[in-house]
Each structure stands twice: as structure tokens, then as C-alpha cells.
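S.K.: Residues per chain are reported as follows:
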Amino acid sequence: MAAPDFFKPRQLLALGTATAPVLVAAMGVTMIILCRQIDISIGSQFALCSVFIGLAAQKGGGPLELVALAMGVGGVMGAVNGVLVAGVGLPSIVVTLATMATWRESLRWWREGEFVRNLPETFQWFGASQMTGQWLVITAGIMVLGCMVMITQFTAGGRFMYAVGSDPEAARLAGIRPMWVTFSVFVSAGALTGLAAVLNAVRFTDVDPKTGTGLEMQAIAAAVVGGVSVAGGRGRVLGVFAGVLLLACVGPGLVFLNLPAQWERAIQGGIILLAVASDGLGGGRPRRLREQHEEKKRR
Amino acid sequence: MSGMRKKEFMMNLIGRGPSRWMAAVSVTAAFLVGCDKSSDTAPSSGMAKTVTVALMPKSKGNAYFISCRKGAEEAAKETGVKMLWEGPTEPDPAKQNEIVETWITRGVDVIAVAAENRAGISTALRKARGRGIKVVTWDSDAEPDARDFLVNQATPEGIGQTLVEEAAKAMNGKGEFAIITASLTAANMNEWQKQIEIVRAARFPELKMVALRPCDDLKDKAFNEATALLNAHANLKLIMAICSPAVPGASEAVKQSGRQDVRVVGLGLPNDNKRYVKEGVTPSVILWNTMDLGYLTVHVCAALAHGKLKAGDVTYSGGRLGNLEIKGDQILLGKPFVFTKDNIDQFDF
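In the order they appear, the protein sequences are chains A and B.
Each residue of the first sequence is one higher than the last, beginning at 1 in this note's numbering.
Each residue of the second sequence is one higher than the last, beginning at 1 in this note's numbering.
Since the hints were made in silico from the structure, they are not lab data.
Worth double-checking, as some hints may not be accurate.
Where chain A lies over chain B, by a calculated footprint (3+ residues, C-beta under 8 angstroms) [unchecked claim]:
| no. | segment |
| --- | --- |
| 1 | 74-86 |
| 2 | 271-280 |
| 3 | 328-334 |
Per label pair, the in silico range of CB-to-CB distance [unchecked claim]:
| no. | chain 1 | residue 1 | chain 2 | residue 2 | range |
| --- | --- | --- | --- | --- | --- |
| 4 | B | K70 | A | V83 | 16 to 26 angstroms |
| 5 | B | I198 | A | L238 | 30 to 40 angstroms |
| 6 | B | K194 | A | L257 | 49 to 59 angstroms |
| 7 | A | F7 | B | L184 | 43 to 53 angstroms |
| 8 | B | G132 | A | L90 | 54 to 64 angstroms |
| 9 | A | L257 | B | G280 | 29 to 39 angstroms |
| 10 | B | K208 | A | V83 | 51 to 61 angstroms |
| 11 | A | W109 | B | R118 | 50 to 60 angstroms |
| 12 | B | K208 | A | A242 | 14 to 24 angstroms |
| 13 | A | L55 | B | R118 | 26 to 36 angstroms |
| 14 | B | T50 | A | G127 | 52 to 62 angstroms |
| 15 | B | A119 | A | E65 | 24 to 34 angstroms |
Backbone N, C-alpha and C define an ideal beta-carbon position, used for all residues, glycine too.
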């Protein structure tokens, strides 16, 4: 590579710490996409959770309490999406578009852009040293990744997700209740977003209420680049991990190669296009649609 | 309500985001103005009528404007005018219109408004001018034909110049620096960059800009960008953050990197940066002096009422601020204000 400095431990550690929260949030979105749904509200959920964490920390909340609070708040926001999508049956893109705007605007109205400041010393890095804190954040991210691999590949819940995402009707006939699977997935994604917010917030000494803007797109892009099919039912968690890493490297990579920032979005977009195209050309979605079509004819 | 949080007005200027119009409506503001009407219009026998200057912030509770008010009251005392201070509790263009209407009915001499909505307030202000009331805008402008003068707190030239001067000071006049901006497309940021480059090339050719990174107006992203810059450029001596969330973001990155040879200067808010300024990571934060802005506004209002300021004037004698430049119909507050560890504690917004 043209920039060996990029691979120095200091930069890799920084990159890992910055990427862990995105990874955790992307895990939640991956579950949702596997169920053939979408959630574009996680950036707003992330921001709201971050502000709650900050305020709770000001009141003296310890690390475990903060994690519980954030995952709880995230879970509740996820449940709102879940009820509207799985319960009422509204399209998830519309529901989460609405909740995205609602959470973001209420935050704007509430905080008016004001940082949550003066957090206690023990807030940053969970009170540990910087180095320990960075590793804690990275470890938490890897643990979530590990859990997700287990869940999607080796548990009934994971199989339910793939089943519902491939064909909800068939899943229902097989005795799975797509409604509950979808609802739980939204709640879990919300909780994971809350956890991501904690992992991000502890990197700093104050909370920017605008944080998480665009996080949903980072997460969805990572999932798509990682080979998760937007048509649902297909994709591997480890692929998403690769997707998160790949996209996270673009920005810093440009800094190290001394290339203009204008290229960042273009390159990321190119990667996504490439991923989607290879998915299509590789016979993923079209073949499946064809199969479904033929299946229908047979009936 | 914590006094510090109402500061959206400035964020427009320094790039934290769009102004919030969604504000809780206070019904008391205009009402109160109406109520104390009888008390101060009592005829003053024989002597010249005391001039009444009505000053409106974008929102009353905002710490930024509270700080402006201090200076405004100083000028009112100095010039002997009666000053009214009224505004919406939360930024609210409709409320601003109502208050202007009340002031027109009441017959004040001068109205000075920090406009929340440029077009929205202009109709009411034109009406006021039609009734012979002098109109000034401050902090943020209305349509030019709706007011006599704008008290302009910062020009791109002034901002660019001060940023480079402070950078040069922190870098001892030479070395590499990088800029973190909000976005590559923001018009005001691009204008500032142009000014920065002009001043750099003319006066500080030994400063070298090595990178320009956008942070999407997000503190956390500014942190990530600054971290990458620090790791990629071993000779970097300074990060110049030209949007407000980028200043604390970059400062935290420098602090965490442990790089003692790198400093941050930027355009931001005192409260966001106090800790870094005190720790020495960020030797200077640049904005304008809010108290001076309030002072000058009332000073200008008084001069207008007394006929000491007319269209076409090119300089203005602004009391303790000395002689100030008038550019067209804009009275310039002058060079931006530099917050350092010696003075930052006097400001709370």
C-alpha cells in the first residue's frame, strides 16, 4: 500500500474504536434486512439514546446502568417501529422514515443543538484509561458480532429470521409467526442501537445531539456491501463485518493517501454499486425471483 | 430551561444546522409589552421626549442573547435612551411579528430585530418604517429594504483574517495545518476558506495547508477526521476547525492523541470549548464579542433616533468601540473576538 502509516497500531486502534459502534448498529439493521424489512430510523434512535446516556451520566449513572438505559430506550423505540410494521402492517420504509423524522425533530426541539456537557470524569472510557477503554469498546463490538454469528447460524431464532425474510407465507405455514419475528427483530435492533450509542458516547466527554446523523445509511450500506440481500432471507453476518470495515477505511484511507475528500462518497457509492451489481449478476436475486415465479406457475 | 441551550441563531452562522422554527409558543411576551405601555409614555413636561429603543433577540432565554443584552443596557445608559427588551421565549418567527406589531402600535422610536426568519419579519418591519419608525437589524438580517441599517457582527474577511492570524500565532508562523469544515458545499465555509487562503498567501506564506476534510457538521465525525489527520501527517502542527462542532471534536482528538506539538484553533462557542482552552489544546476560539454586539446595536439605534447617523455615512463613531466602518447599509462590528483562557470564563453561551 502507498501509505504504510495507515497500518500502524495507533491508527488501527483508533479506527477500530470508531468503527465498533457502527458495527453494532449494523448488526441490528442486518437482522431487519434479513427479515425483508428496512429501518432508517436507527440514526435518530442513536442520537436520542446518546442524549439520554449523557443526561443519566450527569446524574451519576454507572456504566451498567447506562447500558441498560440505552438498550431500554432503544428497545422501546424499536418496539414502536415493530408495532407499526408487524402489528399494523405498514411498510417499514414509511414507518421508519416517520420515526426517523420524529425522533430527530423532537431532539432538535428539546436540545436545540446544545451538547450535553460536564459529564463526570468516570464517564469517558467507562472510567478506565484511554487504552483500556478503546479495547473495551472494540471487545464489546466483537462480542456482539460473535453473538450475532451464533444467533443467525445456530439458533432457531436465526432460522426464523431467514425463513420470514425468504417467504413469510411459507414461514407461517411452517409454524413460524412472522409477526412476532419481525417485531422482535425491530426491538432487538433498537436495543443494539442503544448499545452502539453507549460505545460511541464513552469515547468522548460530551454528547452532540446531532450524533448518528447518517448512521442508518452507513449500516445499510455495510449490510449490502457485506452481501445481505435487500430482498431478505440471504446474507451472512461476517460479510457485514467485512462491509463495515471496508466502508470505514475509505475516509481515513483518503487522508493517508492525500487525496481530496470529494472522493469519499463517490468511492463508497462505487463499492455499494459494485456489491449490488455482483449480487445481481451472481444470480442472487433474479434467480430467486425466477424460482418463485416458476413455483407459482407450478401451483 | 438551561439558559445555554438556545443558540440556534448562531449555528446558522457558524454552521451547526438549520434554525429551529418548531418552538413552544409563549403567549406572554407581546402581552407583557402591551401591559406596561401606560407606565412609560407619561408626557415628560418641557424636556425633549426620551427616545425609546425596542430591541428584539431571536429568543429571550438564550444565553447568547442574554450576553448581548448586557452590552445593550450599557449603551442605553450611556446614550440616555429608554431600552425595551422583548422577544419570543423560544425562537419563533410568528411571535417576532406580533411583537413588532405591538411596538408599532405603541409608537416606539427605533426597532432593532435579530430576525429569525428573513422574509417573515420583513413585512412587519416595512410597515414600521412606513410609520416613521427607524429599523435596524442585528445578529441576522431581514430583507435590505425592510431596515435602515444592519449591525453586522462578522464579515468573511474578518473571520478569515483572524483565523489565520491565530493559527500563525499558535504555529510560530510556519508549518503544516489542516482544515476541518462542515461540508465541501457550504457557501459560507467556502467563502471563509477563500479568505483564509488570501490571507495565508499574502501574509503567512510559510504556513502550508495539507488537507481539507468535511465533518458533516458532526462533532463525532470531526473527531474521527482529526484522528486520521494526526496519524497521517506526522508534521502537522495545527488543525483549523471552521464549523462549531468541529472545534471540540478536533480538540478531543488532539488531546487523546497525546500530541503536544499540535494545536487547534477554530470558529466556535465558548462553552463547547472551555475545557480545551484551559488545558491549552486549543489556544484560541474565535467568534464575536456578544456584549459588544448588543452595545453597538443600541448605540446605532440611539444615533439613528438623534439624527446622527444617516444613509451614506461611511464611518460610525461607536462609543467605546471607537470608529467603525460602514459598508453600504451595514455597520461592521469589526474584527472577530478571540476567546482565550484569560477571558473565556466571562462568557456563558
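S.K.: Each of the hints needs a verdict: does it hold here or not?
M.R.: Cross-check of the supplied hints:
{"no.": "1", "hint": "74-86", "verdict": "violated (count 0)"}
{"no.": "2", "hint": "271-280", "verdict": "holds (count 3)"}
{"no.": "3", "hint": "328-334", "verdict": "violated (count 0)"}
{"no.": "4", "hint": "B/K70 - A/V83: 16 to 26 angstroms", "verdict": "50 angstroms, violated"}
{"no.": "5", "hint": "B/I198 - A/L238: 30 to 40 angstroms", "verdict": "51 angstroms, violated"}
{"no.": "6", "hint": "B/K194 - A/L257: 49 to 59 angstroms", "verdict": "26 angstroms, violated"}
{"no.": "7", "hint": "A/F7 - B/L184: 43 to 53 angstroms", "verdict": "27 angstroms, violated"}
{"no.": "8", "hint": "B/G132 - A/L90: 54 to 64 angstroms", "verdict": "58 angstroms, holds"}
{"no.": "9", "hint": "A/L257 - B/G280: 29 to 39 angstroms", "verdict": "32 angstroms, holds"}
{"no.": "10", "hint": "B/K208 - A/V83: 51 to 61 angstroms", "verdict": "57 angstroms, holds"}
{"no.": "11", "hint": "A/W109 - B/R118: 50 to 60 angstroms", "verdict": "21 angstroms, violated"}
{"no.": "12", "hint": "B/K208 - A/A242: 14 to 24 angstroms", "verdict": "37 angstroms, violated"}
{"no.": "13", "hint": "A/L55 - B/R118: 26 to 36 angstroms", "verdict": "34 angstroms, holds"}
{"no.": "14", "hint": "B/T50 - A/G127: 52 to 62 angstroms", "verdict": "60 angstroms, holds"}
{"no.": "15", "hint": "B/A119 - A/E65: 24 to 34 angstroms", "verdict": "48 angstroms, violated"}
Checked against the numbered hints above, the structure violates hints 1, 3, 4, 5, 6, 7, 11, 12, 15; every other hint is satisfied.
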